[in-house]
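**Q** Below are the chains, spelled out letter by letter.
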Amino acid sequence: MEAATKLTLQSKKTGNSDKLMETLLYIWAVIVLIIVLYPLYFIIIASFSDPSAVGNGQVWIFPKGFTLDGYKELLNHANIWIGYRNTIVYTVVGTLIGLIVNVSAGYALSRKDLVGRKFLSLFFIFTMFFNGGLVPTFLTIRDFHLYDTFLVMVLPFSVAVFDIIVARTFFRTGIPTELWEAAQIDGCGNLRFYAQMVLPLSKPIISVLALWFAVGQWNSYFNALIYLQNKELYPLQLILRDILVTNQMQTALGTGEAAQIALRLANLLRYSVIIVATVPIMCIYPFVQKHFNKGVMIGAVKE
Amino acid sequence: MINSSSSSSGNLHRYMTRISRNWGLYLLLLPAVVLLLCFTYKPMYGVIIAFKDFKPALGIMDSPWVGFKYFEKFFHSYQFSVTIKNTVIISLYSFLTFPLPIIFAILVNQLRTNRFKRVFQTVTYMPHFISTIVIVGLMMILLSPGSGLIGNIYRLFGAEAPNLMGSASMFSSLYVWSDVWQHTGWDSIIYLAALSSVSPSLYEAATVDGASRWQKIRFIDIPMLIPTAVTLLILRIGGLLGVGFEKAYLLQNNLNISGSEVISTYVYKIGLLSSQYSFSAAINLFNTVINFALLILVNWISKKYSENSLW
Amino acid sequence: MTTISKRYTRKMLSSLALISVLGTTVLAGCSSDKDANNTSSNASGKNTANTSDSNFHAEGMPIVDKQVTLDVLTIRWGNMGDTFTKNTWLQELEKNSNVKINWQVISSSDWDAQKSVMLASGKLPDVIIGDMAFGDSDIVNNLSIFQPLDEYIDKYMPNLKAAMAEMPDLKKLSTFPDGKIYSLPARLPSRPYSSVQPVINKEWLDKLGLKAPETLDELYNVLKAFKEQDPNGNGKADEIPYSDSKDLDMNLLAPFGITDIRGNHMVLKDGKPEYFPTSEAYKAGIAWANKLYSEGIIDKETFTQDDTMLTAKRQNPDAALIGFSYQWTPDAVFGQWSKQYETIAPITGPDGKKYQIGDPNGMSFRRNEVLITTSNEHPEVAARWADQFYTGEASIQNFWGAIGTSIEKNADGTYTLMDPPDGTSADAWYWDSSLRDFGPKYVSPEFEKNIKLDPTSGDGLKLQLDSLGKDYVTEPFPDVMYTEEEYAELPTLITDIESYIKSTRAKWITKGGIDQEWDSYVKKLNDMGLEKLIKIYNDAYNRYMNIQ
Chain U
1 MEAATKLTLQ SKKTGNSDKL METLLYIWAV IVLIIVLYPL YFIIIASFSD PSAVGNGQVW
61 IFPKGFTLDG YKELLNHANI WIGYRNTIVY TVVGTLIGLI VNVSAGYALS RKDLVGRKFL
121 SLFFIFTMFF NGGLVPTFLT IRDFHLYDTF LVMVLPFSVA VFDIIVARTF FRTGIPTELW
181 EAAQIDGCGN LRFYAQMVLP LSKPIISVLA LWFAVGQWNS YFNALIYLQN KELYPLQLIL
241 RDILVTNQMQ TALGTGEAAQ IALRLANLLR YSVIIVATVP IMCIYPFVQK HFNKGVMIGA
301 VKE
Chain Z
304 MINSSSSSSG NLHRYMTRIS RNWGLYLLLL PAVVLLLCFT YKPMYGVIIA FKDFKPALGI
364 MDSPWVGFKY FEKFFHSYQF SVTIKNTVII SLYSFLTFPL PIIFAILVNQ LRTNRFKRVF
424 QTVTYMPHFI STIVIVGLMM ILLSPGSGLI GNIYRLFGAE APNLMGSASM FSSLYVWSDV
484 WQHTGWDSII YLAALSSVSP SLYEAATVDG ASRWQKIRFI DIPMLIPTAV TLLILRIGGL
544 LGVGFEKAYL LQNNLNISGS EVISTYVYKI GLLSSQYSFS AAINLFNTVI NFALLILVNW
604 ISKKYSENSL W
Chain S
615 MTTISKRYTR KMLSSLALIS VLGTTVLAGC SSDKDANNTS SNASGKNTAN TSDSNFHAEG
675 MPIVDKQVTL DVLTIRWGNM GDTFTKNTWL QELEKNSNVK INWQVISSSD WDAQKSVMLA
735 SGKLPDVIIG DMAFGDSDIV NNLSIFQPLD EYIDKYMPNL KAAMAEMPDL KKLSTFPDGK
795 IYSLPARLPS RPYSSVQPVI NKEWLDKLGL KAPETLDELY NVLKAFKEQD PNGNGKADEI
855 PYSDSKDLDM NLLAPFGITD IRGNHMVLKD GKPEYFPTSE AYKAGIAWAN KLYSEGIIDK
915 ETFTQDDTML TAKRQNPDAA LIGFSYQWTP DAVFGQWSKQ YETIAPITGP DGKKYQIGDP
975 NGMSFRRNEV LITTSNEHPE VAARWADQFY TGEASIQNFW GAIGTSIEKN ADGTYTLMDP
1035 PDGTSADAWY WDSSLRDFGP KYVSPEFEKN IKLDPTSGDG LKLQLDSLGK DYVTEPFPDV
1095 MYTEEEYAEL PTLITDIESY IKSTRAKWIT KGGIDQEWDS YVKKLNDMGL EKLIKIYNDA
1155 YNRYMNIQ
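Residue numbers (the numbering used here), protein chains in the order written: chain U, 1 to 303; chain Z, 304 to 614; chain S, 615 to 1162.
Excised from the complex, chain U in its bound form (with noise of 0.2 angstroms):
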């Protein structure tokens, strides 16, 4: 009886410690939603409204001088359809390839029954601080005949030490070693282990990556920049960027109207490049997010 009390006690003061928990939860991730929201909803009010209330200061609430000529000015640009059909490419192919070159990875390095592991760590690790730099690597890259091809966004530069190693961490606290133990009683290989029990068991860190190797790919235009010449392999981002003037350009071409319209395009087109060019890649993570809201690993290993 006395127990029984006690517990109840202890769960009723537990009970409010965690409703205040609660409220307090909720507090602070309304505040943080207003504080993120505004700015995001200014970039899309400040899409549609003339760049020269933007940028004095005019623009709360609603859009002020709405148009919509940063969006007809972008959609009219023939390339863009271009750089959208090569980026979608780009992503979905080089996202498979970052898996399959980057999740193994990790998942070797992570057995401790590898020999040579700390000399194979120490050959992925250096090369995140060492490298030769742009010109030996873009002769490199012409040397092995990939200049201005498609593979050459997204096979060379492949490998993500960093998420190798982050997906080493992963499985070493995630696949116990009774796994692998009682898998090879069993007679299989590693192989065989590593497709049929430890990929569909790391979904949440193949999401993960798979999400860092896309956005990387949407993102990207240095390598488009350097390695491709035929405007047909443009990714999205290298079109949008030749659309938006930099600084110096105003300063240089000083004062024709050439510069002028030039200027006012960059600031209309500044808001609305924005939307077109990452609304589409923000999409993705709602189909990614399901892979770590519930727990994995459940009965996995019979005690």
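Just so you know, these hints were derived from the structure itself, not from any lab.
Short derived list, chain Z residues pointing at chain S, Cβ under 7 angstroms: (1) K358; (2) P359; (3) A360; (4) S380; (5) G449; (6) N556; (7) L558; (8) I560; (9) K572; (10) I573; (11) S577; (12) Q579.
Distance windows between CB atoms, simulated: (13) Z:T400 with U:N230: 40 to 50 angstroms; (14) U:Q229 with S:N1160: 36 to 46 angstroms; (15) U:K72 with S:S1071: 20 to 30 angstroms; (16) Z:L597 with S:D1141: 27 to 37 angstroms; (17) Z:E375 with U:F222: 28 to 38 angstroms; (18) U:F222 with S:E1099: 32 to 42 angstroms; (19) Z:E375 with U:E178: 55 to 65 angstroms; (20) U:F150 with S:D726: 18 to 28 angstroms; (21) S:D726 with Z:F383: 18 to 28 angstroms; (22) S:K821 with Z:R458: 23 to 33 angstroms; (23) S:D932 with Z:I453: 13 to 23 angstroms.
Just so it is clear, the structure is predicted and the values come from calculations on it, not from any experiment.
Every residue gets a Cβ at the ideal spot worked out from N, C-alpha and C, and that includes glycine.
Go by the hints and put chains Z and S onto chain U.
**A** Chains Z and S in isolation, oriented as in the chain U frame:
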């Protein structure tokens, strides 16, 4: 068939057995290793640009050798102490915000899974996608004492807003906190993924034991996050002297320059007049050597005191 | 034992196979980068043999009997693209000369990153058009990939040779520190003598019953009236007499004798080069600016706002906000309020004199407009091709557009500009139809007399406004060249020194204190190597003045 561990040939035999037994693992490593060898290690001879007087027309091999000339030039330059100081301050300041994505992930994980949680997650990771130019443009508009939000708020109280963008001492705060705003949501994703690996039965067991929410966080969530957190921490320290160029350059102006000139912006400016391949290569090499040394140090510390290390 | 060793050997063999696959893949990509540089030295070896090629004609058209293709690179602003290649004059030239041009057009925003890669890869085009591609320092530091042109000018370029004889400055401009010419210059048509001129809001002057200011004191009074008397009539004290972005435009200090058209802080005072940031004139100018700033005449956000916000103020949707600025033409930046603004004569300084920034020889000269690389197998063909641009009629067609598209040739021998098509502005139309500012051009002053421009807009308007300032244009520090050694020193010197000058300037204008801190400022500059910098400028100046 039984291991004779006392003899060295026995050891070798054991290693060879393990290698041959795990050939599948080496196969898994193969793509990454080949790619790195071809595209990262092969061009690595380019590091010597820092020790040469590189002229593109001559090529790397035929450019004259100058040893540490450019390193000394950097150390003796007037801007050396300023840029190092600012870079370190911003890096350390930024480093202190490291726990924020972790706390964020823990809190988000506590939200009950419903529409609100999903909307919250989606909204908070969106800022990550906004380009730096727009972020800085936004900051300038919002922080303008004349027409910005901050100006209007101060005027409500009858005061004039200070010009934060013109203050050298505020620079690091503006830099770091705008980064926090922009990236915390996105950075928390990896921690959320780690938390999702906690089996619900653990939580159930804890509830039966009468644990409060806070206790659950302390004894289930946090230990789950530590391996990932430590790994990311070590990697973060390895990027210490690497304050990005674009944001600092856009936020810089002549009033805050004593607090906003960092190594990367300095390198950019000297390259504007005349391409300084070797000079910038030397400075970058100096950067990475320091970062690498830091990494080795922290990794060694971590190995001593915890299970987690990079190698 | 046997089963283990069998499996063992099999695994060893497969690992060996793995290693050899690895090895060969890596080696497959192993060709030395020496090849890259061999091509350029090989090509230069070939060049000297080519002049006796019978395909080539030293004069007249066509330039070659059998068609020759030249790879030509040009860098254009932002998104301007390659529409200019449809210019009918360019197409006629291709037909008549039998020299086919393979244009490679790169956007200026992409070029910086690609430049080093192009130089290092050894894969250079035959000809480079336009000064945005390679600047002085790029050329000076990589002389071996550019063809010295003196001989070619002498033998194959009669138009340019005559132009250089007529205007010796062209030769001075293009002579590199080793005495040779590696790039070709241009003289643009119908350019003014003045650069930016003072522009004031005339409507506000009229509203307040004031006349255009002529002296510094009058300027101060007018600006103060702008601030206090609500000339835009909207009941709000929102007028900003003067505003800028990131830094104060040094042209505001022109009345103090500071006219720095090169942007390198060097001016000519009494015919001698002077570094103005340590001069008494600068000190007086900054003190004056501080006075204006503290009274709210100069926008308090000048040093922290960017171009976007400045433009927003200049084009404020509700009412005009800006009173005074230095601009090329009054309609340059003010958007819908352009009609309110008017150019005025230069402001008289404290020494009673007027100073206008510009060039008494005309703002017309450019260099590095044509480069011929050593990987070009037909440099003499390229030279003859380029020479075709150096006539008056060719030059105007490469500045505004072809005759029949943008230019009309009249019966009396004069040229007038045609209206642009609906929906484009004139300037944008010219950029679309021609190389515009870039590429080889020569228009003699005689020829210029035949160009009749509409005085109410564009280039014609500027010539009108120019008359207000041209008598006061100061002789600028010449466009000198630096040697390789000087280019090694300049970047760090300039970065350190200019950074300090800009930050002290910002501090003194916003907070004052220039008198107290002047001496320590000069001392610190000397510690940073100012004397070395000034010596470099003087050396370059003397070299330039001594060119025959």
